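Based on the provided sequences and hints, a complete structural model is requested.
The residues making up each chain are set out below.
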Amino acid sequence: MSRQDPSARVQELVEASAADLLAYFVRRVEVREDAADLLSETLLVIWRRASRLPADKGEARLWMFGVARNVLSTHRRGNRRRSALHDRLRDELSGVAVDGQAEDGPDVVAAVRLLDPLDQELVRLVFWDGFTQAEAAALLGMRENTVRSRTHRARQRLREALTEPSAQRCRRR
Amino acid sequence: MDDLRLDDLLRQAAPAPPVGAAATAVLLARQLRDEQAGAVALRGRRHPRRITVAAVVAALSLSGAGTLTAYQLGVPPFQSLESGVMRAMTGVPVDYTSSTGQDVECLAFIEYRNLDAHQRDRIESAAGDDRWNGYGQRVLDGLAIPTASPEDQQLAIGRVVGEDLWLAARAAVPGLVHAQTGRTDGPLFTGSSMSCDIVGDRG
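Top to bottom, those sequences are chains S and Y. According to the numbering used here, the stretch in the first sequence is residues 87 to 259, in order. According to the numbering used here, the stretch in the second sequence is residues 9 to 211, in order.
Please note that a few of the clues may not be correct.
As the list claims (entries may be wrong) - FRET-style restraints, in silico, Cβ to Cβ:
{"hint": "1", "chain 1": "Y", "residue 1": "D138", "chain 2": "S", "residue 2": "Q206", "range": "18 to 28 Å"}
{"hint": "2", "chain 1": "Y", "residue 1": "D193", "chain 2": "S", "residue 2": "A170", "range": "35 to 45 Å"}
{"hint": "3", "chain 1": "S", "residue 1": "E101", "chain 2": "Y", "residue 2": "T192", "range": "28 to 38 Å"}
{"hint": "4", "chain 1": "S", "residue 1": "E230", "chain 2": "Y", "residue 2": "T189", "range": "23 to 33 Å"}
{"hint": "5", "chain 1": "Y", "residue 1": "V34", "chain 2": "S", "residue 2": "E246", "range": "34 to 44 Å"}
{"hint": "6", "chain 1": "Y", "residue 1": "Q145", "chain 2": "S", "residue 2": "L200", "range": "20 to 30 Å"}
{"hint": "7", "chain 1": "S", "residue 1": "S137", "chain 2": "Y", "residue 2": "V34", "range": "19 to 29 Å"}
{"hint": "8", "chain 1": "S", "residue 1": "S137", "chain 2": "Y", "residue 2": "Q20", "range": "33 to 43 Å"}
{"hint": "9", "chain 1": "S", "residue 1": "G227", "chain 2": "Y", "residue 2": "V27", "range": "45 to 55 Å"}
It is worth saying that the hints were derived from the structure and are not from the lab. Keep in mind it's a predicted model, so treat the numbers as computed, not measured. Don't be surprised by glycine CBs; every beta carbon is placed ideally from N, CA and C.
Right under this line is the structure:
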């Protein structure tokens, strides 16, 4: 783990993950504009601790998402950093919902929300944020085998939910 | 529906920020990097020892909590843990303003062994409870040591936090036993760890 001051390498790693971190929050907050607050807090922590960013790219990405997860857990309203860019980001996030669901397809997001909270998080990490199951296990502090079995069961439940006729009707409304 | 179709549906359904927001996120990263670099340089000129002191004091507070963790300033889950010991992902915020006007932000984490998924969830819920809002300052005020140095204040806060996290964990998980009892089986509270940053100075 490098203990040097933030370098061009760190800058490159952080900037490469900034959009993914924003997406991470967008997928987990009720009020989408709050993702701007959470991203700001996360970036501040990352820059403050940049000298501890792991040298390996994959580990560095996991480390940054570990920060994001922690910020999400401890976020408190009313103690937010504000800047013009921050406000601009909030405005941009206040637009219409963005997801890849087909209008005439099943409501996948709604089906995911029916899962147990931990299984929801596993699905988000693996299918939406692009982590491997081993990486998801590291982020959640769980055993990889547990993550694999839970993910398997979550997919089974999702398959059942998404093949029910009500799933199709729900999406079309 | 086969596995491939299901996986495709799941991946395609990922909510994502608008394209413009992603670009703004990168700009925000640069702005905050520049601002943070400036703040660190300013703190370094005015108070060159403070970050080091915060790390040392936090480490000392751990020994008071009986943890077996090798302490590093950092963010879980990347701090070292003894084999079998797990650390809660949710940190208890311990924020306060010291006697000399330093704004200190800490996160304290419960550490445990042999908990099942349900018990771990209860620990996470306990750590994320709203009652911790303002907790750090309440602890400092309750200690009534306004003339103590920031280092001594942080030591004292660390001891109280270690005790409070044990009580909170015990309340969340009935039957939880402190590892200091010598027990090695069943649900065990093994200690706590705390990571602190000095984020401002009003002094």
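So, going through the hints one by one against the coordinates:
no. : hint                        : result
1   : Y:D138 x S:Q206: 18 to 28 Å : 22 Å, holds
2   : Y:D193 x S:A170: 35 to 45 Å : 57 Å, violated
3   : S:E101 x Y:T192: 28 to 38 Å : 46 Å, violated
4   : S:E230 x Y:T189: 23 to 33 Å : 31 Å, holds
5   : Y:V34 x S:E246: 34 to 44 Å  : 40 Å, holds
6   : Y:Q145 x S:L200: 20 to 30 Å : 40 Å, violated
7   : S:S137 x Y:V34: 19 to 29 Å  : 21 Å, holds
8   : S:S137 x Y:Q20: 33 to 43 Å  : 38 Å, holds
9   : S:G227 x Y:V27: 45 to 55 Å  : 33 Å, violated
Going through the hint list in order, the structure does not satisfy hints 2, 3, 6 and 9.
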